[in-house]
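Hey, can you work out the whole structure from these sequences and the hints?
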Amino acid sequence: MSTTAQTPAQTSSKPVRRPGDRIFAGLSTASGILILTTLVGVAGFLLWQAWPAITADPSEVRGGQGLLYYIGPLVYGTLVAAVIALLIAFPLSIGIALFISHYAPRRLAQALGYIVDLLAAVPSVVFGLWGVSVIGPMMLGIQAWSVDNLAFLPFIGGPASPKSMLVTGTVLAIMILPIMTAVNREVFLQTPRLHEEASLALGATRWEMIQQAVIPFGRSGVISGAMLGLGRALGETMAVAIILSISARYTPIITSPANPGTIAADIALQFPEAPTGPPLATLVASGLVLFCVTLIVNMTARWIVSRRAEFSGAN
Amino acid sequence: MTTTQTRPARKPLPPRPLFDDDSSGIKSGRITRVQHVGIVVGSAVAAALLLTAFSVLGPFALFVTTALVYLLGVYGVARAVEGRRHATDRVVTGLVTTFFLIALAPLVSVVWTVVSRGLARFDVEFFTWSMRGVLGEGGGAYHAIMGTLIITGITTLLSVPIGIFAAIYLVEYGGRGRLARALTFFVDVMTGIPSIVAGLFAVALFTLFLGPGIRMGIIGSVALMVLMIPVVVRSTEEMLRLVPNELREASYALGVPKWLTISKVVLPTAAAGIATGVTLAIARVIGETAPLLVTVGTTTGLNINPFEGRMQTLPVFAYYSYATPGIPREAFIERMWASVLTLILIVMTLNIVARLISKFFAPKTGR
Amino acid sequence: MSKLIEVKDLNIYYGDFLAVEDVTMTIEPKSVTALIGPSGCGKSTFLRSLNRMHEVIPGAYVTGDVTMDGENLYGRYVDPVSVRRRIGMVFQRPNPFPTMSIKENVLAGVKLNNRRLNKSDSEELVESSLRGANLWEEVKDRLDKPGSSLSGGQQQRLCIARTIAVKPEVVLMDEPCSALDPISTLAIEDLMTDLKDDYTIVIVTHNMQQAARVSDRTGFFNIAGTGKPGKLIEFDDTEKIFSNPSNKATEDYVSGRFG
Numbered sequence: 214m215s216t217t218a219q220t221p222a223q224t225s226s227k228p229v230r231r232p233g234d235r236i237f238a239g240l241s242t243a244s245g246i247l248i249l250t251t252l253v254g255v256a257g258f259l260l261w262q263a264w265p266a267i268t269a270d271p272s273e274v275r276g277g278q279g280l281l282y283y284i285g286p287l288v289y290g291t292l293v294a295a296v297i298a299l300l301i302a303f304p305l306s307i308g309i310a311l312f313i314s315h316y317a318p319r320r321l322a323q324a325l326g327y328i329v330d331l332l333a334a335v336p337s338v339v340f341g342l343w344g345v346s347v348i349g350p351m352m353l354g355i356q357a358w359s360v361d362n363l364a365f366l367p368f369i370g371g372p373a374s375p376k377s378m379l380v381t382g383t384v385l386a387i388m389i390l391p392i393m394t395a396v397n398r399e400v401f402l403q404t405p406r407l408h409e410e411a412s413l414a415l416g417a418t419r420w421e422m423i424q425q426a427v428i429p430f431g432r433s434g435v436i437s438g439a440m441l442g443l444g445r446a447l448g449e450t451m452a453v454a455i456i457l458s459i460s461a462r463y464t465p466i467i468t469s470p471a472n473p474g475t476i477a478a479d480i481a482l483q484f485p486e487a488p489t490g491p492p493l494a495t496l497v498a499s500g501l502v503l504f505c506v507t508l509i510v511n512m513t514a515r516w517i518v519s520r521r522a523e524f525s526g527a528n
Numbered sequence: 012m013t014t015t016q017t018r019p020a021r022k023p024l025p026p027r028p029l030f031d032d033d034s035s036g037i038k039s040g041r042i043t044r045v046q047h048v049g050i051v052v053g054s055a056v057a058a059a060l061l062l063t064a065f066s067v068l069g070p071f072a073l074f075v076t077t078a079l080v081y082l083l084g085v086y087g088v089a090r091a092v093e094g095r096r097h098a099t100d101r102v103v104t105g106l107v108t109t110f111f112l113i114a115l116a117p118l119v120s121v122v123w124t125v126v127s128r129g130l131a132r133f134d135v136e137f138f139t140w141s142m143r144g145v146l147g148e149g150g151g152a153y154h155a156i157m158g159t160l161i162i163t164g165i166t167t168l169l170s171v172p173i174g175i176f177a178a179i180y181l182v183e184y185g186g187r188g189r190l191a192r193a194l195t196f197f198v199d200v201m202t203g204i205p206s207i208v209a210g211l212f213a214v215a216l217f218t219l220f221l222g223p224g225i226r227m228g229i230i231g232s233v234a235l236m237v238l239m240i241p242v243v244v245r246s247t248e249e250m251l252r253l254v255p256n257e258l259r260e261a262s263y264a265l266g267v268p269k270w271l272t273i274s275k276v277v278l279p280t281a282a283a284g285i286a287t288g289v290t291l292a293i294a295r296v297i298g299e300t301a302p303l304l305v306t307v308g309t310t311t312g313l314n315i316n317p318f319e320g321r322m323q324t325l326p327v328f329a330y331y332s333y334a335t336p337g338i339p340r341e342a343f344i345e346r347m348w349a350s351v352l353t354l355i356l357i358v359m360t361l362n363i364v365a366r367l368i369s370k371f372f373a374p375k376t377g378r
Numbered sequence: 010m011s012k013l014i015e016v017k018d019l020n021i022y023y024g025d026f027l028a029v030e031d032v033t034m035t036i037e038p039k040s041v042t043a044l045i046g047p048s049g050c051g052k053s054t055f056l057r058s059l060n061r062m063h064e065v066i067p068g069a070y071v072t073g074d075v076t077m078d079g080e081n082l083y084g085r086y087v088d089p090v091s092v093r094r095r096i097g098m099v100f101q102r103p104n105p106f107p108t109m110s111i112k113e114n115v116l117a118g119v120k121l122n123n124r125r126l127n128k129s130d131s132e133e134l135v136e137s138s139l140r141g142a143n144l145w146e147e148v149k150d151r152l153d154k155p156g157s158s159l160s161g162g163q164q165q166r167l168c169i170a171r172t173i174a175v176k177p178e179v180v181l182m183d184e185p186c187s188a189l190d191p192i193s194t195l196a197i198e199d200l201m202t203d204l205k206d207d208y209t210i211v212i213v214t215h216n217m218q219q220a221a222r223v224s225d226r227t228g229f230f231n232i233a234g235t236g237k238p239g240k241l242i243e244f245d246d247t248e249k250i251f252s253n254p255s256n257k258a259t260e261d262y263v264s265g266r267f268g
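First to last, the protein sequences are chains A, B and C. Residues 214 to 528 (this note's numbering) are what the first sequence spells out, left to right. Residues 12 to 378 (this note's numbering) are what the second sequence spells out, left to right. Residues 10 to 268 (this note's numbering) are what the third sequence spells out, left to right.
Derived by calculation from the structure, the hints in this document are not laboratory data. Using N, Cα and C, we set each Cβ at its ideal position, and we do this for glycine too. One or more of the hints may lead you astray.
[Claimed, not checked] Each pair of labels, with its calculated beta carbon distance range:
#1 C:Asp74 <-> B:Tyr86: 48 to 56 Å
#2 C:Glu64 <-> A:Met512: 43 to 51 Å
#3 B:Ile225 <-> A:Trp264: 18 to 26 Å
#4 A:Thr250 <-> C:Glu64: 40 to 48 Å
#5 B:Gly266 <-> C:Gln218: 30 to 38 Å
#6 B:Val119 <-> C:Asp190: 34 to 42 Å
#7 C:Asp190 <-> B:Gly266: 23 to 31 Å
#8 B:Ala91 <-> C:Ser264: 58 to 66 Å
[To be verified] Simulated crosslink set (PhoX-like; lysine-lysine; CA at most 25 Å straight-line):
#9 C:Lys128 <-> C:Lys149
#10 C:Lys12 <-> C:Lys249
#11 C:Lys17 <-> B:Lys38
#12 C:Lys39 <-> C:Lys12
#13 B:Lys38 <-> C:Lys39
#14 C:Lys17 <-> C:Lys39
#15 C:Lys120 <-> C:Lys12
#16 C:Lys237 <-> C:Lys17
#17 C:Lys120 <-> C:Lys154
#18 B:Lys38 <-> C:Lys12
#19 C:Lys257 <-> C:Lys17
#20 B:Lys38 <-> C:Lys257
[Stated by the list, open to error] Cβ-to-Cβ under 10 Å is the rule here; a few derived chain C residues that face chain A:
#21 Met62
#22 Val65
#23 Val90
#24 Arg94
#25 Arg95
#26 Ile96
#27 Arg102
#28 Asn104
#29 Pro107
#30 Met109
#31 Val119
#32 Asn122
#33 Ala174
#34 Leu195
#35 Ala196
Set out below in C-alpha cells:
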C-alpha cells in the first residue's frame, strides 16, 4: 500500500536504468514467479497423483467403500482437533502477548519474549513425545472427573483416556501458542506510542488504553497470527500421530480413546508402508483435501484482513 | 483579555452529569501495594484450603485455583474501593499475568522432561556412532545429526534468498500489480500448507523425473523449502512494510538508485526483524518430521550425500525409536530422548546465534 | 471549569537523570500560558508532568508539588487516570485513533467514563465539541469517515475536540502546530484564543511569534549544556518577556541572538 507510487511502469519510465536496478528487479520478480509456480505445482501434482483414486471403483479405494467414506471422518477429526487447539490458544496467546508487551517490566519483557521464541522453536515431534509421556497422564484425572460429573455434555464420554482428542487438542494448542504469541507480541509492540498516549491523556486506564489503541492497531496482525496457528494445527502431523488413539469414525466425544484420525496423521502413519496404485492415490487425495481445507481457512482470514484495510493503522 | 471575535453561536454544552463517577476531585480510594500482596497471599491460602477440602493435589491445580480466587477477590475489593474501571483494569492485569504463568508451565515441563530423560544417553558414543549393526544397547545418532544438518542447510541456503527477494518484490517493485497481489495471496496460502502435503508434493515431483519409490536427501530439502519460503517471505514483507516511507524518499531525494536504497537503507533497517523471521523459519523446518518421513525415509548408517539414497534425520530417528522400538525397549527410548535433547540444543544454538546477529546489526530504535 | 495550577520546587527525573530542575510557577485560570526555550530544555517534559503523562515512560518520576486548586496532583490517594481526564493533552503530531470514525474519535474519552451515553446526548456532544474545535462545518457531513481521512490541521483540531469532549479543566498543548502548515496553524491559534474562555491552556512552542500572539504569560526554559537539567529562567507577562525581559538569556533568546 505504501508503494503505490513506485509501480514498475513508473520505474521504467526513468531515462536511465542502472544495471544494479535491473538485476535487483529481475531477481525479485523471478523469486515471486518461482513461488507461484511452486504452488501451482503442489496443486497440480497432488491432483495428478490423486486422480486414480478419484476415478477408481469404490472397492479399489483404501477401505473399500469409496473415497468419501474414507476421507470424511479424517476431515472431521482434523477440524475437531484444530478447533480445540485454537479455542484454547487464541485467548492465551493474546493474554501472553499483552503481558510481554504492555504489563511486564521493560527489562523483563525482552527476556520473556526470548523465552517464547525458544518455545516456538521446539520441534513438533518433541511436543508429541512430551505430550504422550507427560500431558496425557496429567490430564487423565480431570478427564475422568468430567466423565463422572459432566457426562450430560454431548462431547464428554468415557472411558477417559490419556490418548483422547482433548489431550491431542491441548498439545496442539501449546504447539501453536508460541507462534501466535510471537506474532501478537510483535504487532502489540508496534502500536504507535502516539496512539497509546492519546488514549492515556484522555484518562484511560491501562486496559482501556489497550482496548482503544493496541487491539485495533493489532487486529489484523492478531488474525494473521491466529491464521498461522490454525494452519499449523490443521496440518500438524507428528504430535497427532504419536498421541491420538484412532478407532472411530464420527463421534462428538473428545475424552475417550475412540477418536477419528486426522488427515495428516493418517498419511504419516500409512505412507511408509509404501502402498501403490489406488490405495496410494487415496492417501494423496486426502492430502489434496487437507490442502483445500487450509486454502479455505486462509482465504477467509485474508478476506477479514482486507476488510480492515481501510482502517489500517499504518499510514 | 477577552475575545471579541464573532463566531457561530455555540450550542450549550450538555449538563455536567456526563460521567459515571461524577466526583470532580482527583482523589479516589487506592489499593496499596502491601494490601495487594495481602490479597494475593490470601487467595493462595484460600485456594489451598479449598483444594484440601476437596482433597485435590498438585501444583498446577493450586495455581489455577489461586488465580481464580484472586481474580474474584481483587475485583470485589477494587470495585468497592477504586470503582468499576479500576476493578476491570486489575482483573485484566491479573488474567494476563495468569495466562503468562500458565504458558511457562509447558516450557518448564518440556525442558525438564527432555533434559532429565535425555542425559542418560547424552554421551560420546551417541555423537560418534551410527546405528549400523546396532541391535540393542549402545549406538548413536551421528548419522541422524549429519543428515539433519545437511538437509536443513541446503533448505536454508535455497529458501532465504528466494524468500527475501520475493518480499522485496512485493514491497518495493510489485506495487498493486496483479502479480504482486497474486503473490501476497498465495504466499498466505502456502503458509498454511501442511508439512505432510509439502512432503507429498516433493515425492510427486521427483517421481516425475526419477520414477516411483526414490528416497534421498534433496527431496526432503525441496519439501522443506515449500514450508520455509513462505515464512521467510511473510516475515520479511511485514518488516519491510514497517520501514517508514520517509526513509526511502529521503534516500531517493539524495539521488541514490533504487536498488542501493533497498540494499543500504531498507534492508538494514529491517534486518533485525528479518533475522527473527528467518530464525523462526529455520526453527520450523529443522524439527519437521512428517515430510522427511515420506521423502528421505530412514536408515541406520551414515549417508552424507543428499543426492543418493536414504538419509537419517534426528526427528525421524526420534520418532522411529518411539514408534518401532526393538529389544530392549529401554535402550531405544533412551536414545529417543537423547536425540530430542540434541535437536533442542541445535535449535537453541541457532536461536542464540540469530539473536546475536540481529542484536549487533539492528539500528537503535526508541523502544 | 478552568483551574489554577501551582507548581512548587518541581524536579523531573528519567531514572537517574535529572531532566528539569526546581521549577516554581503559577498558571492562571482562563489564560494561555506559553512555554518557550531551545530544544531539549525540558519544556515538553515539564508540560507532561502537569498531567502525569510523564510517568508513562518507564523509570520517570518527579519530586515536588503540582497542585490544581489546592489539590496536589502527586498526592497519596490521587489517581493519575482522573488527573489526566481533568487535564487534557494535545500532542505534537495529530494522533486520532486510526480505526475510529470522526465521531468515535470525539467520543473516545467520554465512552471510557460513561457506558450508557444515549444517542441524542452523544450527537449533541459530538457537535458541541467539534464546534468548540472549529471543525464542525468541515466534517458534519462525514462523521462516519475514519479520522485519518482528514488533513493534518483538521486532524489536530479533531484531537482538540476529542480532548475538550471530556470536559477537562486544563488543556495542555505540546507544540500543537509544529507539524502543520501556516493556514492550519492560524486556525489552531484562533481556536486557542476562543478556548481560553473556558479552559486554562498551557502551550509549549518553538515558535516565538506564536507565543507572542496567543499567550498571556510566557515562561522561558533554558539548559546550561548537554546532560545538564533544564531550568525555568524567567516567567512573566508575555508582553514583558518579549519587550523588556529582566534576564539576559531571555533577551538573547527572544531577540534571536541566542547562542
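Here is what the structure says about each hint:
1. C:Asp74 <-> B:Tyr86: 48 to 56 Å: violated (34 Å)
2. C:Glu64 <-> A:Met512: 43 to 51 Å: 46 Å Cβ-Cβ, so the 43 to 51 Å window holds.
3. B:Ile225 <-> A:Trp264: 18 to 26 Å: holds (21 Å)
4. A:Thr250 <-> C:Glu64: 40 to 48 Å: violated (56 Å)
5. B:Gly266 <-> C:Gln218: 30 to 38 Å: holds (35 Å)
6. B:Val119 <-> C:Asp190: 34 to 42 Å: Violated - the Cβ-Cβ distance for valine 119 (chain B) and aspartate 190 (chain C), about 57 Å, lies outside 34 to 42 Å.
7. C:Asp190 <-> B:Gly266: 23 to 31 Å: Check passed, 27 Å falls within 23 to 31 Å.
8. B:Ala91 <-> C:Ser264: 58 to 66 Å: holds (59 Å)
9. C:Lys128 <-> C:Lys149: This hinted pair holds, its Cα atoms lying about 16 Å apart.
10. C:Lys12 <-> C:Lys249: holds (24 Å)
11. C:Lys17 <-> B:Lys38: holds (20 Å)
12. C:Lys39 <-> C:Lys12: holds (8 Å)
13. B:Lys38 <-> C:Lys39: Given that 25 Å is the threshold and the Cα spacing comes to 23 Å, the pair holds.
14. C:Lys17 <-> C:Lys39: Cα-Cα ~20 Å, so holds.
15. C:Lys120 <-> C:Lys12: Roughly 24 Å between the alpha carbons, so the hint for lysine 120 (chain C) and lysine 12 (chain C) holds.
16. C:Lys237 <-> C:Lys17: The given pair, whose Cα atoms are some 20 Å apart, holds under the 25 Å limit.
17. C:Lys120 <-> C:Lys154: holds (19 Å)
18. B:Lys38 <-> C:Lys12: Answer holds: lysine 38 (chain B) to lysine 12 (chain C) is near 16 Å, not above 25 Å.
19. C:Lys257 <-> C:Lys17: Holds. Lysine 257 (chain C) to lysine 17 (chain C) sits at ~24 Å (cutoff 25 Å).
20. B:Lys38 <-> C:Lys257: violated (42 Å)
21. Met62: holds (6 Å)
22. Val65: holds (6 Å)
23. Val90: holds (5 Å)
24. Arg94: holds (3 Å)
25. Arg95: With a closest approach of 8 Å, the arginine 95 (chain C) hint holds.
26. Ile96: Status holds, d = 9 Å.
27. Arg102: It holds, given that the least Cβ distance between arginine 102 (chain C) and chain A is near 6 Å, below 10 Å.
28. Asn104: holds (4 Å)
29. Pro107: Status holds, d = 5 Å.
30. Met109: holds (8 Å)
31. Val119: holds (9 Å)
32. Asn122: holds (7 Å)
33. Ala174: holds (9 Å)
34. Leu195: violated (24 Å)
35. Ala196: violated (20 Å)
Hint compliance for this structure: hints 1, 4, 6, 20, 34 and 35 are broken, all remaining hints hold.
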